[in-house]
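Trainee: Here the protein sequences line up with chains A, B and C, keeping their order. The opening position of the first sequence corresponds to residue 102 in this note's numbering, with each subsequent residue numbered one higher. The opening position of the second sequence corresponds to residue 559 in this note's numbering, with each subsequent residue numbered one higher. The opening position of the third sequence corresponds to residue 160 in this note's numbering, with each subsequent residue numbered one higher.
Calculated from the structure, these hints are not laboratory results. Please note: incorrect hints may appear among the correct ones.
[Claimed, not checked] With a straight-line Cα cutoff of 30 Å, these simulated BS3-like cross-link-like pairs (lysine-lysine) come out: (1) C:K256 <-> B:K637; (2) A:K160 <-> A:K179; (3) C:K256 <-> B:K638; (4) A:K342 <-> A:K179; (5) B:K638 <-> A:K342; (6) A:K342 <-> B:K637; (7) B:K638 <-> C:K340; (8) C:K340 <-> B:K637; (9) C:K256 <-> C:K340; (10) A:K179 <-> A:K163.
[As the list claims (entries may be wrong)] Partial list, computed: chain C residues near chain B (C-beta under 10 Å): (11) A202; (12) T211; (13) T238; (14) A243; (15) S245; (16) F246; (17) V248; (18) A359; (19) A367.
Yeah, the Cβ is synthetic: ideal placement off N, Cα and C, and Gly gets one too.
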Amino acid sequence: MSVGGILAHPLGRLDRESLPFWQMLQDPSRDNVINGSIASGAALMVVIGAIATIALLTKYRKWRVLWSQWLTSPDHKKIGIMYVVLAFVMLVRAALEAVVMRAQQAFGLDGGFLSPDHFAQLFSTHGTIMIFFVAMPFLTGLINYIVPLQIGTRDVVFPVLNSISLGLTAAGAALVMISLCVGEFSTGGWFGYPPYTEADFNPGVGPDYWIWALTLASLASTFTGINIAATVYRKRAPGMKLMYLPLFTWTALCASILMIFAMPPLTVATAQLALDRYLGFHYFTNALGGNVMNYVNLFWMFGHPEVYILVLPSLGVYSEVISTFSAKALFGYRSMVMATMAIAVLSFAVWLHHFFTMGQEANINAAFGIASMLIGIPTGVKIYDWMWTMVRGRVRFTVPMIYAIGFIYLFVLGGITGILLASPTIDYQVHNTVFLVAHFHNTAIPGVLFGLLAGYHFWFPKVFGFRLDERLGMVSATCWIVGFMLAFFPLYALGLMGLPRRSVSYDVPAYVPLEIAALLGAILLTVALLALVAQLWVSIRTREENRVFAGDPWDGRSLEWSVSAPPPEYNFAVIPTVTGRDAFTVAKETGRAFEPASAYVDIELPRNSALGPVLGATSFALAFGLVWHIWWLVILCLAAAVAATIAHGFARNTTRIVPAQQVRRDHRRWLDAVAAARAISRDDERTSANRGVAEPALGGAAA
Amino acid sequence: MMAPAGDGASGASRGLEERAELRSYGWGLGLALVLTVTPFALVHWAAMPGLPLRGLIGVFALAQVIVHLRFFLQLGFGKKREITLLLLFSALLLLIMLAGTIWIMASLATRMALPVQP
Amino acid sequence: MSDAAMPDFTRRPGPAERGDDEDGEAGAQSVLVGFWLFLMSDAIIFGMVFATYVTSTAATAGGPGPHALYDIPSVALQTVLLLASSFTVGMASLALKYRHGAPRLIGWLLATLALGVAFLGLEIHDFQAMAAKGGSPSRSGFLSAFFDLVPLHGLHVAGGSIWLACLIGQMAMYGVDAPVKLGILRLVLFWHFLDIVWIAIFSVVYLAGMT
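Chain A with its partners taken away, still in its complex shape (with noise of 0.2 Å):
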């Protein structure tokens, strides 16, 4: 790295080789085509959103606003909704790759028309992109916006913290699109084991791309829960006592605890892999003392609790989304925050079932095996409490609770999956088939996508306040539960006829029904994703006939139901004191939910800062220089960072103060909504009458 270096190659080793078309261009055989075409197409796609996007920010003169209200914006209730927004975006490609590898093996018995190299970069990409950049950015997002509100706080302990997670988490799933423009991402699947990723096997960028992507996601998910656990640890509400607080608060403390402790390992096995593949150590290079399974040790460590970090929320969300349409308190409070905290705990003693096969004497595999199945029985209780909710209540079928419902019998079969698998025995049987990637869809798209879905219909509201339309939603949701089974079911059975995970082709003509059978339910969850934008597209157009600025369109049980929809930035006119756990239900019942304040106080917010956009943007360069060797990009970048870090400590004035008549006004303009919407009862919650007020429930719905 000398500077005559530096000179002679000032994009590192970036070339024209980099394109996706090059290689098409320079060798047109059939597969250089058919697999240059789809790499191209996918890269045009994003250069297309790029310009797309820049040109109608342009057009609409909406930078000024987009950095002054949204990137600098140190608002929980904002970074939360970007966050979600993120995550729609790469869900779209996500699911679109997993289109496209359902294809190539419904045709895999010939071959298909997928290269090896492209196929092992779509799982890749695939897995990577679904953990990564859609199921933690959106579960980050709800669990921003929702918690602060559940726990009638302001905001956060650390908001410029969480403004800095956003900006790289966002720089990991920039870094993980341009990808598809230069360069090739790694093929080593989303978990990534050397040796296969080593320097001596992949010295291309493609592990370089997935080792700088993690790394900053796993350093934003670090923060967040350091974030959010101090927040609920510290910032209740007067009277909000730990056994008061709602399940999604709760679970959203444990996957947060979870975070802070089970992301390090990650860092640490990313961080050694990216020591041997530039610096030439060794820790898991076959030669001179590596050790590979020091690798898939830590990584697991990491792995097995990210996925409890993954499905907490959702088992959050389905708690109050069970509970609030069934007109009835959540049933079995303190079993619900006990199995909570088990299965956190218990996440941290499993992670060797992910490796069984990998040569450690019986005993160690027993006794983890024994551990993996103790987990399932603090989630079966959390099963039968949202059973036993629903028994006797007043249940309403809206699409959030279609997603609980289809949750609950789909989730159950995907735990047993689980419980089939923690023994060792079976598990030697049916380890890195495609049984065990029907196991973990099936926990993981009705377990934490159906809630992070269910979540967004039921929040929508009161976040932009206006209702999504419920029949589209009744679309997205029937063919997400009928064509997720669609999809993973053919595999289970694929799995035990002995199909390895990963396969880019097979010669087993038995496979095929079922192969065909699963990009089927891929092309129905594709139309579940479209019916999802569509519903967003005609919700917006309809948005006047659905507008609750009241705040409580579903007879809401939490604390966030109790503001206007959406909030104020300030999220509360006065803080309010609580007595009891479904504190909203508390006070709608004693007459209390909407009283003026005798006073209204100044209230003093954070304000904007540069720093969340700054190291994000310079995160993302310094990555991108990272992998293609451009050394004086990630010095300038490096020190780009840290003077920016250190200018901030230096900054002071960095609060500003929203005046008591402001608050008073908004207040009273939000109890006049209030006075002067009528309120309806439940018949009517999915219609046009509904303006977010609710009508005192009946008598005789258990409390």
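Add chains B and C to chain A, keeping to what the hints say.
Mentor: Quick look at chains B and C alone, frame taken from chain A:
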């Protein structure tokens, strides 16, 4: 570490408080030095077999960590109870992770060791 | 619904209201709790690097091992320096808490900085000496593990030193205002944490390596 003492405490009681904290630091430094010098001395001079010696080093290390936590950071089950509990929880997780790793890697080393590379 | 029956939260602001005032005690405590949580995540990082080290002690691949490479007298000196710096940073926190004035505070902080930099100087010299004897990180898995753990700690000390310098800079500009106080409190926690990690390092890496 406590946030700067409020104006509520009188000068005399704050003086007492400060002396108590100074004493705590003094004790901490003294104990830490002893707990440092001893294992170094043992390694240098004691003709002990490896495993018990390593065990002893570990004991001294753990003791010194506790000295730091107690005397320098004022942790305990009094005012800093929650932080102490957080530390204990973290220690538990770390124990599971470390013990699990060592158990697994040792078993693999026994059963899966490659012949020595040239 | 008289005022007497309802709590008037504007008359009696609860901890959340006081917490909104980040200069107040409640706000500072929230930030410190967050910093402790960060230290816990850092502890896990160190723990995992320790795990890698412990499982790599046999992976010398025919290259030099602890007996050939470790300079125990130097390590002993580094230990004493770091322990002394833990003491001086503690004195700084007392100077802050009991309001002994900026000069004494800065004095203790500068002492800490000097001790930390001296520690780093010795450590870097040790690494260079090791490399000269063939103990470079790319020589073996054992050495890679060593060079992850000990320089990681060194990087933390370096980062802490830069942070310390920045805090002194902020004091020069703003005096000992509330953000500076909060920064010092966090730095003190960080510095003690690093000394605790060093106890583990000199015990597990250096002393145990020599047995």
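Trainee: Taking the hints in turn, state whether each one holds.
Mentor: Status of the hints after comparison with the structure:
The straight-line distance between the Cα atoms of K256 of chain C and K637 of chain B is roughly 16 Å, inside the 30 Å bound, and the hint therefore holds. About 23 Å separates the Cα atoms of K160 of chain A and K179 of chain A, which keeps this hinted pair within 30 Å; it holds. A distance of roughly 16 Å separates the Cα atoms of K256 of chain C and K638 of chain B; the hinted pair therefore holds under the 30 Å criterion. Only pairs whose Cα atoms come within 30 Å are accepted, and K342 of chain A paired with K179 of chain A is accepted, the gap being roughly 27 Å.
Under the criterion of a C-alpha separation no larger than 30 Å, the hint pairing K638 of chain B with K342 of chain A is consistent with the structure, at around 19 Å. At roughly 20 Å between alpha-carbon atoms, K342 of chain A and K637 of chain B fall within 30 Å of each other, so this suggested pair holds. Taken as a hint, the K638 of chain B and K340 of chain C pair is honoured in the structure, with Cα atoms around 19 Å apart against an allowance of 30 Å. Simply put, K340 of chain C and K637 of chain B have alpha-carbon atoms about 20 Å apart, close enough for the 30 Å limit, and the pair holds.
For the suggested pair K256 of chain C and K340 of chain C, the alpha carbons sit about 9 Å apart, so the restraint of at most 30 Å is met. Between K179 of chain A and K163 of chain A, the direct Cα distance comes to roughly 16 Å. Compliance with the 30 Å bound is thereby established for this hinted pair. With 10 Å as the threshold, the beta carbon of A202 of chain C comes within range of chain B, its nearest partner Cβ sitting at about 6 Å, so the hint holds. Because the closest C-beta pair between T211 of chain C and chain B is about 9 Å apart, less than 10 Å, the hint holds.
A distance limit of 10 Å between C-beta atoms decides the matter here; for T238 of chain C the minimum to chain B is near 6 Å, and the interface restraint holds. Taking 10 Å as the C-beta cut-off, the interface hint given for A243 of chain C holds, the closest approach to chain B being about 8 Å. Nearest Cβ of chain B to the Cβ of S245 of chain C: about 6 Å, under the 10 Å cut. The hint holds. Satisfaction of the interface hint for F246 of chain C is found here, the shortest Cβ-Cβ separation to chain B being roughly 5 Å, below the 10 Å cut-off.
The interface hint given for V248 of chain C is met, as the beta carbon of that residue sits about 9 Å from the closest beta carbon of chain B, less than 10 Å. For A359 of chain C, the shortest C-beta to C-beta distance to chain B is roughly 6 Å, which falls under 10 Å, so the interface hint holds. With a least beta-carbon distance of about 5 Å to chain B, the hint placing A367 of chain C at the interface is held under the 10 Å criterion.
Consistency note: the structure conflicts with none of the earlier hints.
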